[in-house]
Amino acid sequence: MIEGALWRRWVFYNIPLILFVIVLLFPFYWMIITSFRPDGELYKPWNSPLYQPFWTNKPTLEHFVYLFEETDFGQWMINTMFIALMSTAISLFCGVLAGYALARLTFPWAGSLGTLIFITYLVPQTLLFIPLAEIIRDFRLGDSPWSLILTYPTFLIPFCTWLMMGYFKAIPKELEECARIDGASRWKAMLFIIVPVALPGILSAGIIAFTLSWNEFIYALVFLSSPEEKTVAVGVTSELIRGDVFFWGSLMAGALLGSVPVAVVYSFFVEHYVSGLTGSVKG
Amino acid sequence: MAVTALGGTEAKRSLVRFRKLEDERWLAFVLLMPTALLLGLFIAYPFIEGVLLSLSDAKVGDNGHFVGLANFFKLWNDGIFWTSVWNTFWYTGVTTVFKLGLGLWLAMLLNRHFRGKAIIRAFILLPFIIPTVLSTFAWKWMFDPTFSVINWALLHLGLIHLPINWLGNPDLAMGSIMAVNIWRGVPFFAISLLAGLQTISPELNEAAAIDGARPWARFWYVTWPLLLPVTMVVMLFSVIQTFADFQLVYVMTGGGPANATHLFATYAYQIGIVSGLLSQGAAVSLAMFPFLFIIVVVQLLYIRRVEVR
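Chains as they are written, first to last, in the numbering used here: chain A, 1 to 283; chain B, 1001 to 1309.
Don't take every hint at face value.
[What the hints assert, rightly or not] Sample of chain B residues with no beta-carbon within 10 Å of chain A, all distances over it, derived:
{"no.": "1", "residue": "P1034"}
{"no.": "2", "residue": "N1077"}
{"no.": "3", "residue": "I1080"}
{"no.": "4", "residue": "F1089"}
{"no.": "5", "residue": "V1097"}
{"no.": "6", "residue": "W1152"}
{"no.": "7", "residue": "N1165"}
{"no.": "8", "residue": "S1201"}
{"no.": "9", "residue": "P1225"}
{"no.": "10", "residue": "V1251"}
[As the list claims (entries may be wrong)] A few chain B residues that don't get close to chain A, going by computed Cβ distances all over 10 Å:
{"no.": "11", "residue": "T1083"}
{"no.": "12", "residue": "W1090"}
{"no.": "13", "residue": "L1154"}
{"no.": "14", "residue": "L1159"}
{"no.": "15", "residue": "I1160"}
{"no.": "16", "residue": "G1168"}
{"no.": "17", "residue": "D1171"}
{"no.": "18", "residue": "D1211"}
{"no.": "19", "residue": "Y1221"}
[Said to hold, decoys possible] DEER-style ranges, computed between Cβ atoms:
{"no.": "20", "chain 1": "B", "residue 1": "V1306", "chain 2": "A", "residue 2": "R8", "range": "31 to 37 Å"}
{"no.": "21", "chain 1": "A", "residue 1": "S267", "chain 2": "B", "residue 2": "F1114", "range": "20 to 26 Å"}
{"no.": "22", "chain 1": "A", "residue 1": "K173", "chain 2": "B", "residue 2": "W1086", "range": "51 to 57 Å"}
{"no.": "23", "chain 1": "B", "residue 1": "W1220", "chain 2": "A", "residue 2": "P38", "range": "51 to 57 Å"}
{"no.": "24", "chain 1": "B", "residue 1": "E1022", "chain 2": "A", "residue 2": "L203", "range": "42 to 48 Å"}
{"no.": "25", "chain 1": "B", "residue 1": "H1161", "chain 2": "A", "residue 2": "T60", "range": "32 to 38 Å"}
{"no.": "26", "chain 1": "A", "residue 1": "A170", "chain 2": "B", "residue 2": "D1211", "range": "34 to 40 Å"}
{"no.": "27", "chain 1": "B", "residue 1": "G1068", "chain 2": "A", "residue 2": "L203", "range": "48 to 54 Å"}
{"no.": "28", "chain 1": "A", "residue 1": "K173", "chain 2": "B", "residue 2": "R1214", "range": "42 to 48 Å"}
{"no.": "29", "chain 1": "A", "residue 1": "W55", "chain 2": "B", "residue 2": "I1200", "range": "42 to 48 Å"}
{"no.": "30", "chain 1": "A", "residue 1": "R8", "chain 2": "B", "residue 2": "D1211", "range": "20 to 26 Å"}
{"no.": "31", "chain 1": "A", "residue 1": "L116", "chain 2": "B", "residue 2": "W1220", "range": "35 to 41 Å"}
{"no.": "32", "chain 1": "B", "residue 1": "G1256", "chain 2": "A", "residue 2": "K173", "range": "54 to 60 Å"}
To be clear, the hints were calculated from the coordinates, so they are not data collected in a lab.
We put the CB at the ideal spot given by N, CA and C, even for glycine.
Assemble the whole structure, with the sequences as input and the hints as a guide.
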């Protein structure tokens, strides 16, 4: 990169970058500070003496206590985790198999099937949620985690398939041919030679699928109704707002805790996440 | 005797089965089966069901009858529906321009070597990773009519004299929602475009610099054309997600004030789920389809043209 004097570097690079980081991260700071702040401070008028918006001297856990004692928050976390893990597992299984077939096998309509899966990749959940709610009811899956475990793969499988196709295509044909010459069946060559080589891709797909299903909202909102079946996002929305009253402290505490699993998974696998994200864009 | 015979045929049958898997067509069929089953059951079937639903007068607890295009005629004369159509286009257009511009800028800022680059990149992606509904609540709290920290900052900077009711005023509400969408989308654009930038050899830029090209010209004639294919794919995903957005508006305003901020999806939810008029809600949702279809086709054609060139 061609760069000039020190002041130029600050004006053109460092200061804009710092501003970007502040704006992008401030809402999370605000979330954290709100969730530890006592109600008396949260709803204090600005003109009162000693008003400090960005800090608190009396951190409290009352909002977290409220969350666990007065709502089913713990249960929501378990529900969301179960749903995210199950739907990710199903999607990975289907996506790896389909990706392998589309990337490495020759069969009639392979091209059009690939296009079809790419098109389903582009179908937003909001297009089909009303008829899908009817179907879920007909199948007697309403208000059960299975309604989400079985429908989340509709947007996760196309993504996993697409990503895995890219990884499988990059593996040289010779690798598989060697195994076949040594007597492995097609099936075995896939399972023991190709899939292990594509493991980083499977990890990327799995992490992104997990965060996507943790993030899903409208299906969970429409398909689940009893408080103890809800996911974090839906539970927080419906149980911590009563009419016009927002329990801001607990809302922010819930948002904070609800983000933790995703943030932890992300922080451990940043590189895989980024390579999966950019891989899906490159196609 | 009988047992061994049975075992023999069984073994032969499983052998036949495995031999069939040696045939690529059979293997492909087996491998694609689970995917086809799930996507057929929960995408293709609901789509047909949705079309049928939108042509009926079904309500919650009433399967209804075929009524032709009555639901769509009703929408044609529905002011709120047209507001949502306009809102959706405006929302998608404005946010995409900002996400692209700011995302590209951020990508350029990150595309050089400096200390702490990896950690900054990891933190920058957080708005995109954290569940949208949860981070949107943080924004809603920041836009609170009485306790808005944004108002506090603006007042103390002397930029305003009275607190602004961000989500209570129809025009400001749409702008606030857009701001949150941009905030969430910029990291995705930045990280994807950064990956695109990193595939461009720095020698090309250096060669142009030696030939006397100014930075702006270097960007416009060297970097941008090479970045175009990635940019188009990123735009495709972003535009579709934004066009079909639901969560942001649902949390921030719920479509209010006075139905001024509805998008297709939130209006469909309002009618179909909250009011229980399933058929009409399905019609609103499906009305999104032709627009999405056109957007996808146009963008895919453009991507193909860019890639061929």
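Problem set entry | Hints the structure fails to honour | 1, 6, 10 and 24
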